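**Q** Produce the entire structure from the sequences given, and follow the hints as far as they go.
Protein sequence lines, in the order shown, are assigned to chains A and B.
Each residue of the first sequence is one higher than the one before, starting from 899 at the first, in the numbering used here.
Each residue of the second sequence is one higher than the one before, starting from 899 at the first, in the numbering used here.
Note that these hints are calculated values from the structure, not bench results.
These numbers come from a predicted model, not from an experiment.
One should not assume that every hint holds.
It does not matter which identical chain is used: a pair holds within one copy or between any two.
Here are the simulated DSBU-like pairs of lysine-lysine, each with C-alpha atoms no more than 35 Å apart in a straight line [unchecked claim]:
| hint | residue 1 | residue 2 |
| --- | --- | --- |
| 1 | Lys1064 | Lys936 |
| 2 | Lys1150 | Lys1036 |
| 3 | Lys1008 | Lys929 |
| 4 | Lys1064 | Lys1008 |
| 5 | Lys1036 | Lys1218 |
| 6 | Lys1150 | Lys1008 |
| 7 | Lys1036 | Lys1064 |
| 8 | Lys1150 | Lys1218 |
Number of protein chains: 2
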Amino acid sequence: MNRRIVLKSRPQGMPTPENFELVEAPVPEPKEGELLIKHDYIGIVPAARLRMSEGPSYAPSTLVGEAVYGQAVGTVVKSRHENFKPGDVAMTLSGGWQEYSIGQGKVLTKVDTTVAPKSLWLGAFGTSGFTAYVGILKIARLQPSDTVVVSASTGAVGSVAGQIAKLHGCKVVGIAGGQQKCEIAVGEYGFDACIDYRATDFPRQLAAATPNGIDVYFENVGGAVRDAVWPLMNQAGRVAVCGLISEYNDGKGPGPGWFNVLTKRLSVTGFIVSDHEELREEFYRSMARWFAEGRVRVREDVTQGLENAPSAFIGMLNGKNLGKTVVKV
Amino acid sequence: MNRRIVLKSRPQGMPTPENFELVEAPVPEPKEGELLIKHDYIGIVPAARLRMSEGPSYAPSTLVGEAVYGQAVGTVVKSRHENFKPGDVAMTLSGGWQEYSIGQGKVLTKVDTTVAPKSLWLGAFGTSGFTAYVGILKIARLQPSDTVVVSASTGAVGSVAGQIAKLHGCKVVGIAGGQQKCEIAVGEYGFDACIDYRATDFPRQLAAATPNGIDVYFENVGGAVRDAVWPLMNQAGRVAVCGLISEYNDGKGPGPGWFNVLTKRLSVTGFIVSDHEELREEFYRSMARWFAEGRVRVREDVTQGLENAPSAFIGMLNGKNLGKTVVKV
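**A** Next up, the structure:
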């Protein structure tokens, strides 16, 4: 049988365990061109929360009764596509929170575990790392002289975005929740500084850490963090809006700091990584080199057991994770 | 003597007549390289409100006791610069609300009144028209297939921005306050439609007028108008933030519609026309041709007498003007 975590009800505000249900279903059969993949790891992503809401968005809503959205890395059990054979390792963008999924052979990524271990193909080598790469280089149009601020700077995306900016010669200041995360951002990921947004004088500390202003803001969070960053932006600054995790449950939108968009001539650009597939090969080559040279470091927050995916997810939305959140099935 | 309208006190919220004072001062003497200009027309611009507030912005605040900010067109009375002689007509970006000003010969624009009458060098041929040109073509990166929405669509900037978009083959929908303005936007400026933002079902009417969504939003207003537009934007839509007049007095920033920046991958870009001087010659050539061919039409809202500049300004901030607001000195 295929154990699955399905959406039982749509969350109102922050999700609770009652929004999820563990169910069993027959293991599906691949059709011509398809594979059956047994999941080894599932990636837990904030975007899953976006898909739990109804209404127009950039992606279809998860239906109630459907497996929750997430990428997965697993082992091919049955293949009806010439590119894959049983035993191959594959990464699927739409595997979902379950033990097995069906994938289309022509779109799946075959994973090379000699480059990086399986689970990293959900993190630094997966959608998280690719999102960081696209956002910081293409959307934010990084220049070596930039002062870059990254929110959620120890998260799966933010930690890579900041390290890529460092690799390109930028000054990088992280924002994270709590002293421990800030120490990791500086000590492990090499950020020049990291400010705890929970500090009462957070805006003042951020200003002190960016004496030349901010040229690029890599936005993962929104809310009060954004409202502190925007007034510090330099003229013609760029904001790459990768995520707005603090607003997924109850977004209010920017406060008066929004006005800086006009007065500072900011460019605020939202992006979704799936629009930028043309960069994926270049990303793989770059990340493989940086990782092999030890110039990009990664952390994972591994939860054991599919049944614990909801608590890992809720913990991540509350900032409890340290690094890429994955579930070992 | 030089009659001047000076800032008497900084407005809190909407300006009132008490914030201004008419004073007299000696007519200044030009130094080497300078001109003395006697103002014929003064351009009344929303940006003057921005400069009445203290605190960081894109331009210095007007000091209390200083003439209020505004462009002027006038006649050269004395010249100590080789490019100008008495009797020439000049446009000065910083003439201010007064009868005379000193200008730098090397930066002033000599006005050709055979191309357009004097006052239009404050409107369609002046900063207003140039702002429209830069914003719609360079910042919004106009494409002929775009559906374009312009707020304040009968204003000095919006009316030109919409007409330039029409000249480039776009579908153009205006937003304005009241039926009369909407009729002018369609009947006189050739917009495809214009929606009255005061209508109770304004968001529904706007959606009905843009069945293929909105690709470009030329933003002059902010506030509730913006909050109605953003949810109708198409993927990868572009918002050129030219002004936020409804927020100059008490900005709150975008509401939850802000979220579309992420989900629709919008690019929201603020701009200030003075950053784009490299386009000015191209703009003059284009506007002169369009105007001569009758393809850009203009309206002016002329107030007689310098002493009435404050009421013209307050009226403009309240949307009472129809076309470019100028004061005939």
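**Q** Are the hints correct? Go through all of them and say.
**A** Hints and how they fare:
Taking the closest pair of Cα atoms, Lys1064 and Lys936 never come within 35 Å of each other, the shortest separation being 37 Å inside a single copy and 56 Å across copies. Proximity of Lys1150 to Lys1036 under the C-alpha cut-off of 35 Å is found in both arrangements, the shortest distances being 28 Å within a copy and 31 Å between copies. Taking the shortest Cα distances, Lys1008 and Lys929 sit within 35 Å of each other inside one copy (19 Å), while across copies they are farther apart (75 Å). Only within a single protomer do Lys1064 and Lys1008 lie at most 35 Å apart by alpha-carbon distance; the minimum there is 29 Å, versus 49 Å between protomers.
In this assembly of identical chains, the alpha carbons of Lys1036 and Lys1218 lie at most 35 Å apart only when taken from the same copy (30 Å versus 44 Å across copies). For a Cα distance limit of 35 Å, the shortest separation of Lys1150 from Lys1008 qualifies neither inside one copy, at 41 Å, nor across copies, at 49 Å. In this assembly of identical chains, the alpha carbons of Lys1036 and Lys1064 lie at most 35 Å apart whether taken from the same copy (16 Å) or from different copies (31 Å). Proximity of Lys1150 and Lys1218 under a CA criterion of 35 Å is satisfied in both settings, with 23 Å inside one chain copy and 31 Å between copies.
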